[in-house]
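Same order as they appear, the protein sequences are chains A and B.
Just add 76 to wherever you are in the first sequence, counting from 1, and you've got the numbering used here.
Just add 1315 to wherever you are in the second sequence, counting from 1, and you've got the numbering used here.
To be clear, the hints were calculated from the coordinates, so they are not data collected in a lab.
Please note: incorrect hints may appear among the correct ones.
Mimicking DSS-like on lysine-lysine, the simulated pairs with C-alpha atoms at most 25 Å apart in a straight line are [claimed, not checked]:
no., chain 1, residue 1, chain 2, residue 2
1, A, 266, A, 95
2, A, 365, B, 1417
3, B, 1417, A, 266
Partial pick of chain A residues on the chain B-facing surface, computed with a CB cut under 7 Å [unchecked claim]:
no., residue
4, 199
5, 208
6, 211
7, 212
8, 213
9, 215
10, 219
11, 220
12, 223
13, 227
14, 230
15, 267
16, 270
17, 272
18, 314
Small disclaimer: the values here were computed from a predicted structure and weren't measured.
Note that CB positions come from ideal geometry on N, CA and C, so glycine has one too.
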Amino acid sequence: MDVGVSAAGLVKVDRHYSKSLYDLAGEAVDDALRDSGRNSIDYLVVSTVVSRALTPQLDIASYMASHLGLRRARVLSVEAGEASGLAALQAAFHLALGGNRVLVVGVDKLSDAPSHRVYRVLKHVYYRYSDGFHAIGHAAVAGLLARMYMERYGVSREVLAAWPVQMHMHAKSNPYAMLRFAVKPESVLKAMPVAEPLTLLDSFPLGDGAAALLVEPDGGMAGISAVESAVGPLSVAVADDPLRLEAVGEAWRRAAGDGAVVDVFEVHDSYTIFGLLILEELRLAERGKAAERVAEGDFTTGGSGPLVNPSGGLKARGHPVGATGVYMAAEVAMQLSGTFPGISVPEAKRGAAVSINGHGSSAYVALFTRRG
Amino acid sequence: MAGESVNVDQWRTRIYRYRLLGGRCRECGRAFYPPLPKCPYCSSEDVEEVRLPRQGKLVSYTILYSVEEGARRESPVIVGLVDLGVARVVSEIVDAEPGTLKSGMAVEAVFRRLYEEGDEGVIVYGVKFRPAPENTS
Ligand SMILES: [Zn+2]
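Isolated chain A (complex conformation) (with noise of 0.2 Å):
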């Protein structure tokens, strides 16, 4: 059975403050469905982590059916922490090798409550028996992480920059990206600190979005050859190597064995560090690496790798947390179809996204083919 994305919609990733989380589904879905009936679909798999936190729901499948005309579906709802996205895709490959048109739909608002208190809820990516006991917030294993990598490869904080830098230069062109403008390296050094080495502006902004997807048989924007996905290690404690990222590796090799070239990646880059460590994990850059070619324009229009990050990523488009992997597949699937509307590969062939969970606690794989 062939399977593909047929429709995508996004909503720009920013502070709704008046729409409510089925305001901003509904939006993203009447974007993807704008030439398609809703009567004939299946399925109805709902991705969404931090709302469901701030605003307690439960069976929250359901009652988006209800908001959004879709009664007639069957519901799922998929959590996977920070990778909720990409998982409920996973879902719906399934769904739709079985026969059935499925909609997905990430929808998040983080930008409801005081930061404090969304940060508060992010900490639960992490494992709450060992690291959790520990006032680690979301951005501390990164830090720990950044300095690791600094000093094993005597990399400096300067070259790391690079990656920001370069986020927010493609976000510029992303309609639909948070952070539309550009930032210097020694914007990203003098930034409020938030984990040391890392700062502000090696993160992601607190905003709000949604993006759905049409999955079904022979879906004609873009083919979809796998979705998959690996287990990693509970803490970095328990790593064999904090700064590989196994689950990532081993969901490539059951995504896409050893041999495929991806013309155009959307990689999770909730810090800078994770970007970075994915490139090196899924062999874009030799360990150590990254950040230097990224610095050298080798993941940009014109670089000499494959183009990352187009929308800007975490970084700069922003990670509306349950709504960002099904975000990533959407971009993907218009960077095949020609039809995203920001920096782009002409004539892509193929296209990746690829998600984690806090430290790399899972990871998930889409791998997307052009049609035609």
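Starting from the known structure of chain A, arrange chain B with the ligand on it as the hints suggest.
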């Protein structure tokens, strides 16, 4: 209601939080924290509970400024990855000026307040690490 279940949770985990208990696998020989019923490395069920060493080395650390509710009086918080030789742990580092920390320095376990939980301000205790005296001699 939520507070009550959180307190039971804290009571259940108190022993290994207080004593720095970990697990050791009789199959592959590796130790780990926290204790788990299956080995996180080889999935063997043949695991035993062991007391982990209370001295170790700081592998890496960060100074965390976005500190959550319940621990904000201590802000900023230093969080480290500590190598105990047989296993590693993520822990807060206390009694240290950020500027004096160095990767590789010796650290030792101390019993401290971890955080306050809920409206009643229940204080939860456990093990943290501090620079070992030999660093200053
Ligand atoms: Zn074992």
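Any hints from earlier that this structure breaks? Give me their numbers in increasing order, please. 1, 5, 14, 15
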